[in-house]
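Chemist: Please construct the entire structure, taking both the sequences and the accompanying hints into account.
The listed protein sequences derive, respectively, from chains F and H. Under our numbering, the letters of the first sequence match residues 1 to 237, in that order. Under our numbering, the letters of the second sequence match residues 1 to 413, in that order.
Be a bit skeptical, because a hint or two may be false.
Said to hold, decoys possible - Restraint ranges, calculated between C-beta atoms of paired labels, are given here:
(1) D179(F) <-> V385(H): 44 to 50 Å
(2) A248(H) <-> A112(F): 50 to 56 Å
(3) S302(H) <-> T18(F): 45 to 51 Å
(4) E191(F) <-> L294(H): 30 to 36 Å
(5) G131(F) <-> L294(H): 52 to 58 Å
(6) V385(H) <-> A76(F): 33 to 39 Å
(7) P377(H) <-> P139(F): 37 to 43 Å
Unchecked claim - Output of the computed footprint for chain H on chain F, the stretches with three or more beta carbons under 8 Å from beta carbons of chain H:
(8) 20 to 26
(9) 71 to 83
(10) 114 to 124
(11) 169 to 179
(12) 206 to 212
To be verified - Partner residues are not named here, just some residues of chain H that face chain F (Cβ under 7 Å, in silico):
(13) R15
(14) F52
(15) E314
Treat the hints as calculated values from the structure; they're not laboratory data. Virtual Cβ for every residue (Gly too), placed ideally from N, Cα, C.
Take a look at the letters that make up each chain.
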Amino acid sequence: MQLLDVHKSFNVGTPIETEVLHGIDLTLFKGEFCAVMGPSGSGKSTLLNIVGLLDRPTRGTLTVCGEETTRLDDRALTRLRGHNIGFVFQYHHLISAFSAIENVMMPMLGAAGFPDAAMSERAAELLEYVGLTPWRDNPANKLSGGQQQRVAIARSLAMNPPVLLADEPTGNLDTKSADSVFELLRRFNREQGTSVLFVTHNPVLAQRCDKTIEVIDGTIVDRHRGAKAASDADLLL
Amino acid sequence: MLNRWTPFEWIIALRFMREGRMQTAFIISGVAIGVAVIVFMSALLSGLQSNFIRRVLSAQAHIQLLPPKEVARPQRDVEPGADNSVYGTIVQPPLQRVRSIDQWQAIARHIGAMSQVVVVSPEAAGSVLAVRGSASRAITMIGIEPTQYFRIVDIRDKIVRGTDRLNAADILIGTELASDLGVDVGDKLRISSALGASNTLSVTGIFDLGNKGANQRTTFVALHTAQSLLGLPGGVTGLDLTVRDVYAAERIAQRITAATGVQADSWIKTNAQFFTAINAQQTSNTVIRFFVALSVAFGIASVLVVSVVQRSREIGILRAMGISQGQILRVFLLQGGLLGMLGSIAGAALGAFALILWQQLARNADGTPLFPLSFEPVLFIAALVLATLTGLGAAVAPALRAARLEPVVAIRG
Numbered sequence: 001m002q003l004l005d006v007h008k009s010f011n012v013g014t015p016i017e018t019e020v021l022h023g024i025d026l027t028l029f030k031g032e033f034c035a036v037m038g039p040s041g042s043g044k045s046t047l048l049n050i051v052g053l054l055d056r057p058t059r060g061t062l063t064v065c066g067e068e069t070t071r072l073d074d075r076a077l078t079r080l081r082g083h084n085i086g087f088v089f090q091y092h093h094l095i096s097a098f099s100a101i102e103n104v105m106m107p108m109l110g111a112a113g114f115p116d117a118a119m120s121e122r123a124a125e126l127l128e129y130v131g132l133t134p135w136r137d138n139p140a141n142k143l144s145g146g147q148q149q150r151v152a153i154a155r156s157l158a159m160n161p162p163v164l165l166a167d168e169p170t171g172n173l174d175t176k177s178a179d180s181v182f183e184l185l186r187r188f189n190r191e192q193g194t195s196v197l198f199v200t201h202n203p204v205l206a207q208r209c210d211k212t213i214e215v216i217d218g219t220i221v222d223r224h225r226g227a228k229a230a231s232d233a234d235l236l237l
Numbered sequence: 001m002l003n004r005w006t007p008f009e010w011i012i013a014l015r016f017m018r019e020g021r022m023q024t025a026f027i028i029s030g031v032a033i034g035v036a037v038i039v040f041m042s043a044l045l046s047g048l049q050s051n052f053i054r055r056v057l058s059a060q061a062h063i064q065l066l067p068p069k070e071v072a073r074p075q076r077d078v079e080p081g082a083d084n085s086v087y088g089t090i091v092q093p094p095l096q097r098v099r100s101i102d103q104w105q106a107i108a109r110h111i112g113a114m115s116q117v118v119v120v121s122p123e124a125a126g127s128v129l130a131v132r133g134s135a136s137r138a139i140t141m142i143g144i145e146p147t148q149y150f151r152i153v154d155i156r157d158k159i160v161r162g163t164d165r166l167n168a169a170d171i172l173i174g175t176e177l178a179s180d181l182g183v184d185v186g187d188k189l190r191i192s193s194a195l196g197a198s199n200t201l202s203v204t205g206i207f208d209l210g211n212k213g214a215n216q217r218t219t220f221v222a223l224h225t226a227q228s229l230l231g232l233p234g235g236v237t238g239l240d241l242t243v244r245d246v247y248a249a250e251r252i253a254q255r256i257t258a259a260t261g262v263q264a265d266s267w268i269k270t271n272a273q274f275f276t277a278i279n280a281q282q283t284s285n286t287v288i289r290f291f292v293a294l295s296v297a298f299g300i301a302s303v304l305v306v307s308v309v310q311r312s313r314e315i316g317i318l319r320a321m322g323i324s325q326g327q328i329l330r331v332f333l334l335q336g337g338l339l340g341m342l343g344s345i346a347g348a349a350l351g352a353f354a355l356i357l358w359q360q361l362a363r364n365a366d367g368t369p370l371f372p373l374s375f376e377p378v379l380f381i382a383a384l385v386l387a388t389l390t391g392l393g394a395a396v397a398p399a400l401r402a403a404r405l406e407p408v409v410a411i412r413g
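Modeler: Shown next as structure tokens:
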């Protein structure tokens with residue numbers, strides 16, 4: 001994944017036009033676990049939304065899995081997003097009308113159109129992976145905060161995406177749960193080779209990532225390698 | 001667990017409806033009440049109209065063919081070489097003598113062959129005097145061929161005393177005339193026409209047409225008897241016919257006139273005021289149905305708009321995980337359609353229940369239903385289809401709104 005000179009402005013063409021990203025250049029290599037830090041309002045979430053194809057840059061180019069996305073229409077962006085990018089948000093955003101396992105099946109169901117046994121098996125595996133097998137049939141809104149976030153992680157991994165975007169997934173959790181969620185993402189990153197962009201305010205967690213970038217006022221001001229840099233960070237996604 | 005035969009959009013729509021069960025129940029109830037009102041009103045008005053029309057048409061033909069009227073002709077100079085000038089421009093309206101329809105047998109055969117026509121019956125009718133001792137009454141004598149005419153106006157149902165036998169020396173009279181002249185079944189009546197012809201006929205039956213005037217004036221005799229009394233040997237003064245679709249009577253009458261040149265009056269024309277009243281009733285019913293449907297549509301739309309707002313985060317996250325705009329659109333359209341359909345099923349049941357209840361409660365003094373109601377399946381099917389389509393239509397705006405939600409904005413809330 002590569003961003004070249006990405007700018008993002010809001011209220012374009014109005015007197016209150018505001019540019020929040022000023023020429024971001026960023027490359028996320030395959031299997032890389034990159035922390036994004038910065039104060040609130042610095043543009044981290046906007047950056048993540050653009051990387052996740054939820055929003056379009058005002059200027060600059062974004063390449064995801066070898067595909068330049070600037071000229072893609074909504075349908076193509078949706079398909080690319082569905083198959084290649086997983087999301088974990090600060091708030092879990094589970095669909096309360098469904099159980100834990102059904103929430104995990106949702107991306108697969110949306111892509112295929114009809115449920116099948118393979119989806120159910122895959123969802124059960126993921127729930128086992130995040131340690132929630134006993135709660136698989138519980139309604140999503142009856143789980144604890146930490147459990148809900150783990151279901152959200154399992155859901156984000158359902159399509160086995162090459163890229164996972166996590167926007168402060170530990171922000172609402174206690175230290176123990178936050179550590180557990182981070183470890184879960186790290187483990188999946190190592191085992192599946194999934195690239196992860198991990199927004200956090202927690203410097204301890206950031207230090208455990210391969211790479212950290214710091215965004216201040218819409219600009220990347222600092223890049224440094226974490227303690228355990230990925231050795232295979234040479235393959236561009 | 002999820003049923004493998006259920007498409008994604010159905011799964012989401014049904015779960016959303018189930019989760020918001022209070023909202024769903026309220027709007028289904030609202031739709032049900034609307035549909036019940038439409039079903040109840042439509043069946044009631046349709047029953048009322050059928051009853052009116054049946055009553056009107058039980059005593060008259062759907063179409064009546066009449067001989068041409070005498071018209072005034074100004075005198076002209078017809079001598080050869082004359083200037084064809086009119087001698088008198090003010091002419092007196094001519095007298096309308098009793099005339100026969102020219103070539104009526106051929107016309108009757110031609111009309112009888114038409115697919116829309118059920119029965120053709122000739123009649124010879126005119127005014128005569130009924131005399132009994134020193135009492136006399138001016139009456140309308142209708143000469144008929146009973147086998148055909150009784151299929152148009154079933155006098156047999158209206159006979160209160162005697163039989164419907166109608167031979168050459170028989171006459172059927174109304175209850176009022178029988179009372180006025182003091183006759184009963186088996187008594188003789190002398191019938192005299194304006195031409196001076198007279199005949200003594202035997203009362204074989206007394207009928208009640210449900211109208212005092214008609215019971216006073218109307219009498220039935222055999223066609224040949226009437227022809228000889230009215231001086232119309234072999235002739236008829238009218239051809240009565242019934243058609244399959246009573247509402248098409250006027251159209252068929254016009255076609256008959258065009259084909260035969262004989263004046264044909266439909267029941268719609270002869271009962272113009274009554275028909276106007278029926279049309280007004282139908283129009284008001286349509287207007288009421290339209291506004292009920294409109295309120296149902298707004299009800300469904302408002303619930304779905306609220307649902308879209310409430311679920312905007314969920315819509316956003318679904319879009320983030322690759323669910324297309326089309327899928328989101330279908331989820332909300334389905335909800336609208338399902339709300340309309342479920343509401344209409346409940347409404348049809350409620351309407352049917354109200355009709356049964358009404359039939360039990362609204363009764364004549366003798367305990368019979370005020371008028372029969374018809375439970376036509378087509379009414380219920382139409383209500384179901386219309387309510388479902390209304391639900392779908394009402395869901396278009398909220399569904400578009402949901403589909404067009406920007407994922408980022410939706411997730412942010």
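Chemist: Taking the hints in turn, state whether each one holds.
Modeler: Against the structure, the hints:
1. D179(F) <-> V385(H): 44 to 50 Å: For D179(F) and V385(H) the Cβ distance comes to about 59 Å; the hint is violated.
2. A248(H) <-> A112(F): 50 to 56 Å: holds, 55 Å
3. S302(H) <-> T18(F): 45 to 51 Å: About 35 Å separates the Cβ atoms of S302(H) and T18(F), which means 45 to 51 Å is violated.
4. E191(F) <-> L294(H): 30 to 36 Å: Since E191(F) and L294(H) have Cβ atoms about 59 Å apart, the given range 30 to 36 Å is violated.
5. G131(F) <-> L294(H): 52 to 58 Å: holds, 54 Å
6. V385(H) <-> A76(F): 33 to 39 Å: Roughly 38 Å apart at Cβ, these two residues keep to the hinted range, so it holds.
7. P377(H) <-> P139(F): 37 to 43 Å: 42 Å Cβ-Cβ, so the 37 to 43 Å window holds.
8. 20 to 26: With 0 residues closer than 8 Å to chain H, the stretch 20 to 26 of chain F misses the three-residue bar; violated.
9. 71 to 83: holds (count 7)
10. 114 to 124: As far as the stretch 114 to 124 of chain F goes, the hint holds, because 5 residues have Cβ atoms under 8 Å from chain H.
11. 169 to 179: That given contact is violated, which follows from only 0 residues of the stretch 169 to 179 of chain F lying within Cβ reach (below 8 Å) of chain H.
12. 206 to 212: Answer violated; 0 residues pass the 8 Å Cβ test.
13. R15: This interface hint holds because 4 Å falls under the 7 Å limit.
14. F52: F52(H) check fails; min Cβ-Cβ to chain F is 53 Å, beyond 7 Å.
15. E314: OK, holds: E314(H) within 7 Å of chain F, min 5 Å.
The structure shown violates the earlier hints numbered 1, 3, 4, 8, 11, 12, 14.
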